[in-house]
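A.B. asks: As a plain string of letters, each chain reads:
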Amino acid sequence: MIQQLENLLQVSDINVSFGGLKALSNVNLSVPSNRVTAVIGPNGAGKTTLFNVISGFYSADSGSIQYEKMDLLTMPAHSRSKIGISRTFQNIALFPGMSVLENIKLGAHAQLKTNVFSAAIYLGSAAREERAISERIYDRLLNLLELEDYADRSISGLPYGIQKRIELARALAGEPKLLMLDEPFAGMNTAEKANMANHMRQIIERTNITVLLIDHDMESIMSIADSISVLNFGSLIASGTPSEIQKNPAVIDAYLGEE
Amino acid sequence: MNQHTSFLRKKPKLDIFANPNAELVFWCIFAVGLMMVPVFGSAYFLYMACLVCINLVATVGLNITVGYAGLLSIGHSAFLGVGAYASALAFLHMGTPLALNIVIGAVSAFSVGLVFGLPALRIKGVHLAIATLAAQYSLYFIFQQWTSVTGGDRGLSLPKTDILGMGDTGFYYVVAFVALITSIAARNLFRTRIGRSFIAVREKDYAAQVLGINVVGVKLMAFGIGAAYAGIAGALLAAFLRIVNPDQFTLTSSVFFLAAVVVGGRGSILGAMLGAVFMTLMPEILREGISFAMGPEADMASVLSPLREIIFGALIVGFLIFEPRGLVGIVRRIMGHREVVDAGTGH
Amino acid sequence: MNLFLEFSLVGIASGGIYVLSALSFVIVYKATNIFNFATGEMMMFGTYFFYVFDTQLGFGWIVGLAAGLTSAAILAMIIERVLLRPLLGRPHLVLIMVTFGVGSILRGLAGMIWGPTVRQLPEILPRTPIFIGDILLPGKLAWGFVIAGVIAALFMAYYKYSRAGIAIRATATDQITAESLGINIRGVFLLAWALAGVLAAASGIITASVNGVTPQLGLVALNVLAVVMLAGMNSVGGVILAGLFIGWIETVVGAYFGAAWQSFVPYLIVLLVMIVKPSGLFGEEKVERI
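Line order of the protein sequences matches chains B, S and E. The first sequence finishes on residue 259 if you use the working numbering, and the numbering steps up by one all the way, no holes. The second sequence finishes on residue 1347 if you use the working numbering, and the numbering steps up by one all the way, no holes. The third sequence finishes on residue 2290 if you use the working numbering, and the numbering steps up by one all the way, no holes.
It is possible that part of the hints are untrue.
[Claimed, not checked] Reference excerpt, derived from the structure (chain B facing chain S, CB under 8 Å, subset only): (1) Phe57; (2) Lys105; (3) Glu130.
[To be verified] In silico SDA-like cross-links for lysine to any residue, where the CA-CA straight-line distance does not exceed 20 Å: (4) Lys1204(S) / Ile224(B); (5) Lys1204(S) / Thr48(B); (6) Lys247(B) / Ser227(B); (7) Lys2140(E) / Glu2123(E); (8) Lys1124(S) / Asn2234(E); (9) Lys1124(S) / Leu1114(S); (10) Lys2140(E) / Tyr2158(E); (11) Lys1124(S) / Lys2140(E); (12) Lys113(B) / Val1216(S); (13) Lys2030(E) / Ala2164(E); (14) Lys113(B) / Leu123(B); (15) Lys1204(S) / Pro2091(E); (16) Lys113(B) / Ser79(B); (17) Lys1204(S) / Asn91(B); (18) Lys1204(S) / Leu2093(E); (19) Lys113(B) / Asn1214(S); (20) Lys2277(E) / Ile1123(S); (21) Lys1124(S) / Ser2279(E); (22) Lys2277(E) / Val1216(S); (23) Lys1124(S) / Lys2277(E); (24) Lys22(B) / Arg35(B); (25) Lys113(B) / Arg136(B); (26) Lys1160(S) / Met1094(S); (27) Lys2030(E) / Ser2279(E); (28) Lys1204(S) / Ala93(B); (29) Lys2030(E) / Ile2185(E); (30) Lys2277(E) / Arg1122(S); (31) Lys2277(E) / Val1115(S); (32) Lys1204(S) / Ser79(B); (33) Lys22(B) / Thr48(B); (34) Lys2277(E) / Pro1119(S); (35) Lys247(B) / Ile224(B).
[Said to hold, decoys possible] Using C-beta positions, here's what the derived DEER-type ranges look like: (36) Val1107(S) / Tyr2256(E): 52 to 62 Å; (37) Val2276(E) / Thr1147(S): 29 to 39 Å; (38) Thr1147(S) / Ser17(B): 54 to 64 Å; (39) Ser1291(S) / Asn2211(E): 18 to 28 Å; (40) Asn2033(E) / Asp1247(S): 32 to 42 Å.
Source of the hints: derived by calculation from the structure; they are not laboratory data. The beta-carbon is built from N, C-alpha and C at its ideal position, and this holds for glycine as well.
Just chain B, with the same shape it has in the complex (with noise of 0.2 Å):
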């Protein structure tokens, strides 16, 4: 062995199958602490999927994850945002009917305390913790990704690029421990995804975030991640450094197989 990383996520043996069919297979996945780690794999191999296992919307049949030493999947998916872990989705799931400062509040829920009543009166704890939230997002988020324009903008009409930033501004405002990030680079044009990488690299500099990412986009792929996992048909065909990957004969067989 050579050196051993201290992991974050220990994804061990997870199974998930939908009516019969396999979706998920024995899949093993270490997931070390301040580094990024990157899932590819061919439409359908299952790294949504896993996603939403370590998210809590599927349960698996078998198997289990280790989150800092805790059972993941005896834990409700509510309460998984609590203890550090965020992320964001493939279709971004903002909220049309809040202003964009509103929806990157969201990502700090968790985190926050009011109550209904002291919410109610608006006096005291309630108003402090808005202000300080606001503060800490336009001082931290807004800067970083280039945001401030858009605060009190509404999410509709704002263009994908930008909606894609905002996600990924709701998804660190809970300073999260683990960030999963479902297809960042998905349907962006190669501007875009060069600017989506240069955002996440500055991130990663200046937190020591752990980071998750699935994508199809080799390129903006290997000049961010750690390590690389692949999924083919819900099995894990290879994993290791980018330029190990790289050369994998199984990977580019499975990527060759799919064009």
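For this one, chain B is given, so just place chains S and E on it according to the hints.
C.D. replies: Below, chains S and E alone, put in the same frame as chain B:
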């Protein structure tokens, strides 16, 4: 480098107000307006003002449930009934003061609301609508049949509440104060994580879950708050009309409150306020219109009650088709206001 | 024991009308995914249509039935085409609120036009009681049940075997695929509503042939909701069993515990189904929990 102060100017807005100062001015004008009613108004005007304020409380509550959280409750008046009966019974049997009666109304309607809402809110879909419709019928039935407690069809009669020896005016001030406080409280919810979680659950519950929102818990809270507001309104109504009987809490009056929410504007506190005013005054204007058209001899009751059903229903349908943002949308357009937030009407 | 049998038969017989109105409900839900809170009012209005043509205009019951059912179908199609069609694509909440509003409008219109008094329908169904062994069944009830059964059977056959029925089923299963196969979805919606109008009116006329019609006739809708919940909202076959069951249990509870308890039966069933099996006994497991 003045970024620290920039956010202070960018607070969330009350629907149509471009800046928070305008909103503050609005609330002040509203408060002063409420205070001035007894000075300028006749007895009838005062009576209508009380009714408007009571309906306002109930409508604001229903808008939290339906408009903000997207939960369809079609038995709102039954929860008013629970609040009215509970507070009236407390008063008759224990002589509790009005302030306590209001709390009793809120708590009892909240609890009964949860009994009906709990099974339905665990499930996605229309089940809450069915459960609240069932609540409408079965609570009406209880009000009517449990004669030993509710007085059956004759209902309960209450003595006059005198506030600080000011008679009707004193009572009006209580009602107006409660209406103001409950509206501001509702508005405040939507400055915080609580209100955001309601809208998030309405729009994308799966994303809400990932953000750490307990979807079932939030639905229960939104539905419970709506019921509690109804209970407050019910307690006020009991003290105001000094009679509580089953026919005040029919399906038609639930349609009335739903219409008030839709007409005013879903997902907007200002909308609920406008809707309550509009809907309370509309039947009065209607009554005047009919007696003008048909002469004072007209059999008012037989015409008015079906006509109300038609108009309430038509307002719901018409606004949903032609002006889904409700009166707030119209006001906004008149003020030439740019869309700030897609306030829940894509909905 | 004999008494129990008698109550049971009466109950099952009265469940026949629940089956028809529940079918009206389910056909709309299946084809269009709209939860129609105006089903009860469509029932009531269809019955008044019959009353108008038969009694008020004096055409007799044969013409009255034909014209009444046709009018009920047209009314249902107007609701779909004019009020719901423009809202397609909007959230479900909105569509459901519209049906709720429509219910209120129809109740009001009926009150306005025909007033609150009970209007008696002509005596079509024979009054002579029917004896099964030594159990006596009121004639109207028994014949009403038979007619409801025939209509339900005809509907089921139409739904299963006709081209239109197949189109509705295809749409219910997968709208997009159905459309790509060349099925006219909008036509299907319209047809489903028309059928719903006819079924509701038929069930209303049978109900009213016993007790007459008032604007409150539509309030049986809550019992129908209980049927639909118990069966599962998208189960055409299930509502037949569930309808008969609800009719039976209501009558039996009413007979042994008093009419007051009878009124709680539908609600208790709704509540129980939601807690135990929200998709109903025969419904597809479409229910999502969160």
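A.B. asks: Now tell me if each hint is right for this structure.
C.D. replies: How the hints compare with the structure:
{"no.": "1", "hint": "Phe57", "verdict": "7 Å, holds"}
{"no.": "2", "hint": "Lys105", "verdict": "6 Å, holds"}
{"no.": "3", "hint": "Glu130", "verdict": "6 Å, holds"}
{"no.": "4", "hint": "Lys1204(S) / Ile224(B)", "verdict": "30 Å, violated"}
{"no.": "5", "hint": "Lys1204(S) / Thr48(B)", "verdict": "18 Å, holds"}
{"no.": "6", "hint": "Lys247(B) / Ser227(B)", "verdict": "14 Å, holds"}
{"no.": "7", "hint": "Lys2140(E) / Glu2123(E)", "verdict": "9 Å, holds"}
{"no.": "8", "hint": "Lys1124(S) / Asn2234(E)", "verdict": "15 Å, holds"}
{"no.": "9", "hint": "Lys1124(S) / Leu1114(S)", "verdict": "16 Å, holds"}
{"no.": "10", "hint": "Lys2140(E) / Tyr2158(E)", "verdict": "27 Å, violated"}
{"no.": "11", "hint": "Lys1124(S) / Lys2140(E)", "verdict": "41 Å, violated"}
{"no.": "12", "hint": "Lys113(B) / Val1216(S)", "verdict": "18 Å, holds"}
{"no.": "13", "hint": "Lys2030(E) / Ala2164(E)", "verdict": "14 Å, holds"}
{"no.": "14", "hint": "Lys113(B) / Leu123(B)", "verdict": "14 Å, holds"}
{"no.": "15", "hint": "Lys1204(S) / Pro2091(E)", "verdict": "12 Å, holds"}
{"no.": "16", "hint": "Lys113(B) / Ser79(B)", "verdict": "14 Å, holds"}
{"no.": "17", "hint": "Lys1204(S) / Asn91(B)", "verdict": "12 Å, holds"}
{"no.": "18", "hint": "Lys1204(S) / Leu2093(E)", "verdict": "14 Å, holds"}
{"no.": "19", "hint": "Lys113(B) / Asn1214(S)", "verdict": "14 Å, holds"}
{"no.": "20", "hint": "Lys2277(E) / Ile1123(S)", "verdict": "10 Å, holds"}
{"no.": "21", "hint": "Lys1124(S) / Ser2279(E)", "verdict": "11 Å, holds"}
{"no.": "22", "hint": "Lys2277(E) / Val1216(S)", "verdict": "18 Å, holds"}
{"no.": "23", "hint": "Lys1124(S) / Lys2277(E)", "verdict": "13 Å, holds"}
{"no.": "24", "hint": "Lys22(B) / Arg35(B)", "verdict": "30 Å, violated"}
{"no.": "25", "hint": "Lys113(B) / Arg136(B)", "verdict": "16 Å, holds"}
{"no.": "26", "hint": "Lys1160(S) / Met1094(S)", "verdict": "15 Å, holds"}
{"no.": "27", "hint": "Lys2030(E) / Ser2279(E)", "verdict": "14 Å, holds"}
{"no.": "28", "hint": "Lys1204(S) / Ala93(B)", "verdict": "7 Å, holds"}
{"no.": "29", "hint": "Lys2030(E) / Ile2185(E)", "verdict": "13 Å, holds"}
{"no.": "30", "hint": "Lys2277(E) / Arg1122(S)", "verdict": "12 Å, holds"}
{"no.": "31", "hint": "Lys2277(E) / Val1115(S)", "verdict": "18 Å, holds"}
{"no.": "32", "hint": "Lys1204(S) / Ser79(B)", "verdict": "17 Å, holds"}
{"no.": "33", "hint": "Lys22(B) / Thr48(B)", "verdict": "14 Å, holds"}
{"no.": "34", "hint": "Lys2277(E) / Pro1119(S)", "verdict": "11 Å, holds"}
{"no.": "35", "hint": "Lys247(B) / Ile224(B)", "verdict": "18 Å, holds"}
{"no.": "36", "hint": "Val1107(S) / Tyr2256(E): 52 to 62 Å", "verdict": "36 Å, violated"}
{"no.": "37", "hint": "Val2276(E) / Thr1147(S): 29 to 39 Å", "verdict": "33 Å, holds"}
{"no.": "38", "hint": "Thr1147(S) / Ser17(B): 54 to 64 Å", "verdict": "58 Å, holds"}
{"no.": "39", "hint": "Ser1291(S) / Asn2211(E): 18 to 28 Å", "verdict": "35 Å, violated"}
{"no.": "40", "hint": "Asn2033(E) / Asp1247(S): 32 to 42 Å", "verdict": "36 Å, holds"}
The structure does not agree with the numbered hints 4, 10, 11, 24, 36, 39 stated previously, though it agrees with the rest.
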